[in-house]
Every structure is written in structure tokens, then in C-alpha cells.
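K.L.:
All chains should be built: construct the whole structure from the sequences, respecting the hints.
2 protein chains.
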Amino acid sequence: MNYFSSDFKLGILGGGQLGKMLLAETRKFDIQTYVLDPSDEAPCQFGATKFFKGSLMDYDTVYQFGKAVDVLTIEIENVNLDALDALEAEGKKVYPSPKTLRMIQNKGRQKDFYAENNIPTSFHIRFADLTGLKNALDKNEVTFPFVWKCAEFGYDGNGVKIVRSAQDLTDLPEVECIAEQMVPFKNELAVIVARNVSGEIKTYPVVEMEFHPEANQVEYVICPARIDDKVADKARNVALKVSEAYNHIGLLAVEMFQTEDDQILVNEVAPRPHNSGHYSIEASYTSQFEQHIRSILDLPLGNTDSKVAGIMVNLVGAEGFSGPVVYENIEKIMAIDGVTPHIYGKRETRPFRKMGHVTIVNENMAEARKIAEEVKNNIRVISVQ
Amino acid sequence: MNYFSSDFKLGILGGGQLGKMLLAETRKFDIQTYVLDPSDEAPCQFGATKFFKGSLMDYDTVYQFGKAVDVLTIEIENVNLDALDALEAEGKKVYPSPKTLRMIQNKGRQKDFYAENNIPTSFHIRFADLTGLKNALDKNEVTFPFVWKCAEFGYDGNGVKIVRSAQDLTDLPEVECIAEQMVPFKNELAVIVARNVSGEIKTYPVVEMEFHPEANQVEYVICPARIDDKVADKARNVALKVSEAYNHIGLLAVEMFQTEDDQILVNEVAPRPHNSGHYSIEASYTSQFEQHIRSILDLPLGNTDSKVAGIMVNLVGAEGFSGPVVYENIEKIMAIDGVTPHIYGKRETRPFRKMGHVTIVNENMAEARKIAEEVKNNIRVISVQ
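So the protein sequences, as listed, match chains A and B.
Once you know that position 92 of the first sequence is 92 in the UniProt record's numbering, the rest is easy, because the numbers rise by one and skip nothing.
Once you know that position 359 of the second sequence is 359 in the UniProt record's numbering, the rest is easy, because the numbers rise by one and skip nothing.
The set of hints was computed from the structure by calculation and includes no laboratory data.
Quick caveat: nothing in here was measured; it's all calculated off a predicted structure.
Be a bit skeptical, because a hint or two may be false.
Quick look at which bits of chain B chain A covers, simulated, 3 or more residues with Cβ under 8 Å [to be verified]:
1. 14–20
2. 44–52
3. 291–302
4. 322–333
5. 340–350
Only part of the chain A face toward chain B is listed, based on derived beta-carbon distances under 8 Å [stated by the list, open to error]:
6. R27
7. K28
8. T49
9. P300
10. M334
11. V361
12. M365
Restricting the straight-line Cα-Cα distance to at most 20 Å, the calculated cross-link-like pairs of lysine to aspartate or glutamate (DMTMM-like) are [what the hints assert, rightly or not]:
13. K9/B / E331/A
14. K50/B / D60/B
15. K50/A / E210/B
16. K202/A / D337/B
17. K332/B / D298/A
18. K202/B / D298/A
19. K332/A / E200/B
20. K186/B / E210/B
21. K354/B / D337/B
Glycine included, C-beta positions come from ideal geometry on N, C-alpha and C.
P.N.:
Put into C-alpha cells, the structure is as follows:
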């Protein structure tokens with residue numbers, strides 16, 4: 001198959017920041033790429049060969065879009081899977097496959113899958129709705145504290161809540177959900193696994209999410225994780241096992257907990273490029289976005305090693321600001337060696353909206369960590385006054 | 001000035017591969033970018049906020065394009081300078097300035113400038129046309145062998161010829177030209193200098209052009225050059241002196257000869273991102289394209305150091321092939337660690353047409369050099385049979 005400067009067409013469902021960073025790679029390789037997204041202000045409106053505005057959840061829209069391309073992939077999980085089934089049945093290449101997406105899209109089914117495949121994960125119970133969960137609490141089948149997760153359509157902390165008392169239940173929506181055992185952990189880790197169509201498989205180094213000591217929010221994604229080599233090996237092996245169990249093609253980001261006694265428990269997965277791999281654009285021999293393209297087009301996988309230490313800081317909208325965005329002090333952080341801002345292209349900021357990220361690379365991890373703090377303390381995503 | 005996700009508009013004159021690689025950076029920063037190019041199949045037709053088809057040499061076209069943007073830059077020197085003069089006179093920011101471009105555009109004037117500014121360069125004589133040169137030969141004011149260069153519109157070896165006898169003159173066009181003393185040299189080197197509007201200045205490491213021993217064509221651009229530190233320092237200082245003499249803003253690629261006795265002689269300059277800096281995308285902390293954007297927008301300059309050794313191999317159309325392009329063995333070279341192809345997006349190949357380049361990065365220069373040879377021996381730019 002000739003992908004380069006040819007008539008071949010790759011389709012991407014979703015036109016957000018992940019799609020935008022994928023387009024940087026398809027442009028580099030001159031691979032024609034069509035993108036479908038419901039918003040005509042999507043970050044992917046530029047850089048695609050063709051941009052289509054349309055619903056990702058509408059059967060006909062997704063089906064017709066898929067018919068126009070040779071290989072179809074996603075940058076967001078919430079797409080019409082029935083349309084993907086139909087396309088796949090007709091012989092269209094869809095990576096990841098709708099079968100895998102179905103297993104992942106529902107967090108209850110995802111957790112069941114780990115249990116069935118002997119993949120270490122925390123204990124969980126599934127409920128068809130909140131009422132079911134409340135009944136289980138009444139019968140002491142579930143006890144406080146636990147982690148509530150909505151089964152579908154949650155993302156980035158949305159749809160996840162630590163429930164310590166009946167009081168915490170009052171705001172929750174009446175949707176399918178799971179109750180998960182709360183596991184005390186030392187570290188939250190992630191490993192990205194790449195697997196191409198032919199089955200070649202590679203893992204990226206383990207990254208570590210460093211949390212703000214008070215706010216309990218991820219502040220930094222750090223590569224490599226500052227953990228023992230043995231624990232890192234264990235985490236990479238668990239991630240490999242998850243990828244093999246899913247028979248997954250493309251990238252699979254596996255989020256894990258390192259418990260107090262150095263067990264590795266799988267938290268959840270994302271079958272696509274992931275926030276925990278953004279550092280790879282500057283730090284790795286092969287960025288996660290290039291690797292995703294290589295995987296789904298059955299090209300040889302690239303080297304997943306890092307050239308230098310990498311730390312990623314998310315740029316999210318500051319509280320109290322809504323409107324046309326301004327990146328306060330961006331020139332100040334750009335004056336520091338090894339600092340690269342990525343601006344996703346959303347014109348309007350809102351509190352906590354993901355607007356971009358900043359990568360810090362350095363030969364020395366301690367130095368990178370110091371600079372990351374300087375970046376974090378200076379840049380602010382606010383709006384025009 | 002707020003450039004990021006704002007109404008600010010950067011204009012680029014020229015929509016070829018250099019423009020395409022600049023757009024990768026303006027997309028990363030979400031800076032609105034307009035591009036003007038005469039071809040509607042230009043590599044920049046994708047990725048720009050707006051792409052305009054039109055002549056770069058036509059006064060009105062360039063003038064009107066310039067009026068629509070806030071800052072104007074170039075990715076090719078051959079543009080209508082009168083239009084840029086008019087725009088600059090009206091207060092438009094044009095970097096590099098038309099004054100600098102005028103001094104560089106004509107190679108005779110460029111050489112005069114070095115002589116006037118005590119910048120080491122080989123001896124030269126200017127001629128209004130070929131007849132003038134022939135008369136000088138008759139009078140022994142010029143003697144064989146010498147290097148003939150057409151004064152304007154030459155590029156990539158086009159417009160340069162080593163003249164060893166009267167016979168070699170017969171094919172030359174009747175245009176303004178210079179005759180340059182032939183200087184035996186050990187190495188052809190290049191240094192890219194970045195200078196922002198405020199005058200902050202940084203140089204990239206010295207790169208070395210390695211020639212094919214028989215074909216006398218550049219095979220590899222190697223960073224860092226495998227030369228003595230003292231010579232490298234001298235080359236960086238000469239390049240700085242050239243940049244300061246021109247009072248240049250943006251990138252200035254300075255091509256130089258290292259003579260047998262380790263003198264550094266300036267050959268010529270390019271006031272923009274340059275083939276000799278393509279390695280920087282994968283090897284440097286800051287790619288030359290990002291650096292050009294930083295320079296002309298008066299942002300702080302990024303770190304010009306390398307993370308790893310880098311070697312660049314040009315992908316030019318193979319002799320004997322014209323038509324829809326195929327990159328033979330591209331999958332084979334992509335299987336090697338640290339190998340990244342860049343495909344410029346030209347659908348049709350022709351003999352010697354610049355179609356792309358491949359970057360090889362490695363911690364170890366000797367290993368990188370070995371891989372570069374493997375890449376060179378495998379990949380071929382041919383056409384569909």
C-alpha cells in the first residue's frame with residue numbers, strides 16, 4: 001500500500017486536540033486525511049485534507065464518512081459503533097475495531113474484562129442506575145467510602161467521584177454506574193502500548209502523574225516515572241497484557257495505580273493517543289501521534305525510547321475567566337530552555353477547559369522538574385479583560 | 001501582542017516545503033497564518049488559515065496580500081521587493097526587511113557586501129552579462145578555472161558552474177553573473193543564526209555537508225560537524241558577524257568553506273529556514289522553523305543545542321522517473337530506529353526534484369552516520385510503473 005502523496009485516505013473520527021496532533025504527523029508524511037467533527041470551530045478545521053462537520057453519534061453521518069476513506073480511526077471513543085460495525089463488515093479497515101471500542105466504552109464492561117482476563121484491578125460492582133447502587137448500600141453490599149464512576153461518556157475526571165457518605169450521592173445522575181473499591185496508592189502511572197496490524201508491539205516508558213499535594217489534581221506528567229526499575233517493568237508487563245487481551249491495534253494508554261505494597265492495578269484504558277503521552281512529541285524518538293499512524297497503517301513501529309527527560313503541564317482555563325483566551329506570561333515561559341507550549345486552538349476559555357499543554361525537556365530530570373514548577377507558577381489561561 | 005489563538009495574522013510569501021514546515025509550528029502555537037503561492041498544488045495548501053493562489057513577483061498581488069496580515073515573512077527570496085518596500089513604508093512589519101533581501105537577492109551585491117564589511121569570502125568580479133565576462137577573459141582579468149554564478153534566481157546548484165575552459169562557457173545564459181576564485185576546501189559548513197526583533201541572537205551548531213566522493217553532490221548534512229572545536233567556534237563567529245552586518249531579523253543560514261589551512265570563507269547566505277537546518281526538527285531543542293517564528297514575532301529565542309546527533313538525507317527524484325511519486329522502500333527505512341521521513345507533498349516526481357528529506361537521529365554520531373548510509377542505499381524516489 002502506498003500511503004505517501006497518494007490517493008490513499010485516512011479518516012479520523014473527532015477533530016479535537018488529539019486529532020490536531022495526529023494531523024501534524026499525517027502532514028509530515030503527506031497522507032491524505034479526512035476529519036469528522038460536530039463543531040466547525042474544531043482544532044482540526046485546519047491541516048486536514050478535508051474537514052467534515054457532522055455528528056459522531058449519528059449512524060448515517062459516520063457511515064457515509066467511513067465510506068469515503070480507506071482506513072478509519074478515532075481520536076475520541078464516543079462515536080457511533082453500529083456504523084463502525086457495518087463498515088467493518090463491508091471490509092473497511094477500522095482501528096481500533098468497534099469490538100474493542102465496545103469493550104472499552106463502557107467502564108463496567110471494561111472492569112469485567114480485566115477480571116475475566118486475570119488483569120489486576122480493584123474490586124468493583126456494576127449497577128444499571130443510581131437506584132441500584134443505593135439499594136446495594138442499604139443492604140451493605142457496598143460500603144463507604146468507594147469510587148463512583150458513570151459507565152459511559154465520562155472523561156477527565158467528569159463522571160468520577162469519591163463517595164464517603166450518603167450525602168455525596170445526592171448530586172449524582174441516575175445513570176449506569178460502577179462502585180469501585182478505594183485503593184490507597186503511592187503513584188498513578190501510565191504506559192502507552194503501540195501495536196500495529198501485523199502484531200508488532202512496543203511500550204513507551206512508564207510515566208508518573210504527580211498530584212498537587214492539596215488540590216488532588218494532576219499537576220505534572222513525568223517521563224520516565226521516578227520509580228524503582230522493578231515496578232516499572234511490572235507496569236510495562238501489565239500494560240502489554242492488557243493490550244494483548246484486547247487484541248488492540250493502534251495506541252492503548254493504560255492508566256494504573258502503584259499500591260502501597262507495589263502492586264500494579266489497572267485503572268482504565270484509552271484506545272488512542274493520550275494526555276499521558278504528549279511529552280513524547282519533544283522527548284521521544286517517535287511521538288505517540290506518529291506511532292498511532294504507524295500502527296494503524298501497519299508501518300513498522302518507531303523507537304519508543306526518550307532522547308531526554310520530559311514533563312508535561314496541562315493548560316486549563318483558570319477559574320473565574322470565560323471568553324476570548326489570553327495565555328498570560330507565555331513569553332516568559334518560552335524564554336526558558338526546553339519549554340514548548342502547544343496551543344490547541346480554542347478561541348474561548350472556560351474554567352477547567354483543556355486549552356493546551358506545555359512540554360519541558362531537559363537532559364536532567366531534577367532540572368526539568370524545577371522548570372516545570374516555574375512554568376506552572378507563571379502561565380495562566382485567562383480571558384481578555 | 002497576543003499571537004496565540006487571537007486575531008493576529010502572520011503572512012508567508014511562498015507555499016513550498018519550507019512554508020509547510022513553518023505551518024507545523026504556527027499550528028502548534030495556533031497562530032493564524034496566510035500563505036501566498038502561485039501554485040494551487042503547493043504543499044502549503046493545507047495547514048494554513050487561508051491559502052491564496054497568486055504570483056509572488058506581481059506587485060499588486062504581494063501588496064494586497066501584505067495588507068491583509070500583521071507581520072509578513074518569506075520562505076523564498078524571489079518575491080516582489082517593491083511591494084515589500086511599500087508595505088514597510090506604511091508601517092507593516094516585514095521580516096527579513098526588503099532592504100536585507102535586496103542585498104542578498106543579487107549574488108554580486110551579496111559578495112560586494114562581504115568585501116565591504118570585512119567578512120572573509122573568496123575573490124570575485126561582477127559582470128553585467130556573459131559578454132562582459134568573456135571580454136575579461138580575453139584581457140586575462142579572469143583566468144581559468146573559476147566559478148561562474150548567475151547573479152539572480154539561481155538555487156540548489158542551478159545557476160552555479162565550475163568553468164575550466166572556454167568550452168564550459170558555451171552553455172551559459174547571457175545574464176548578470178559573477179566569476180569567483182576557486183578555493184580548494186576541506187569542508188563545506190553552514191551555521192544558522194537566529195535574531196529576533198529585539199536583537200536577541202543565537203547560533204545553531206555548525207553543520208557539515210558530506211559529499212559523495214565521485215558524484216560531487218551533497219549526500220548528508222551532519223550536525224554537529226565533525227571538525228575541530230576551534231574551527232567550529234570560528235565558523236559560528238563569522239556567521240554572527242554576517243548576521244550583524246545585515247542587521248538581519250529571522251533566520252540567516254550562512255554557508256561557508258573551510259579551506260585547507262582552516263580559514264573560514266563565506267560562500268552565500270539564505271535569509272530564511274534552510275535545508276541545512278532540517279535536522280533540527282528531530283535533533284534540536286528548538287527546530288529552525290519554530291525559531292524563525294519566534295524571531296520574527298519577537299518572542300524569546302529557544303535553545304539551539306541538540307538533544308542527539310542528527311543527519312539529514314535529501315529525497316530527490318531519481319533520474320529516469322517522471323510522474324506520480326512512489327517512495328520505494330520507505331517502510332524498510334522506517335523500521336530503523338531514529339529514522340523519520342518528511343514528505344513534502346508533491347504528487348509528481350521529476351529527476352532531481354526535491355520531494356522530501358529523511359532525518360536520522362542517534363545518541364552516537366558514528367551509528368547515525370552508518371544508518372544514514374543504509375537509508376541512502378535503500379530509499380528511492382521513483383514513479384508508479
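K.L.:
For this structure, which hints from the list above don't hold up?
P.N.:
1, 12, 15, 18 and 21
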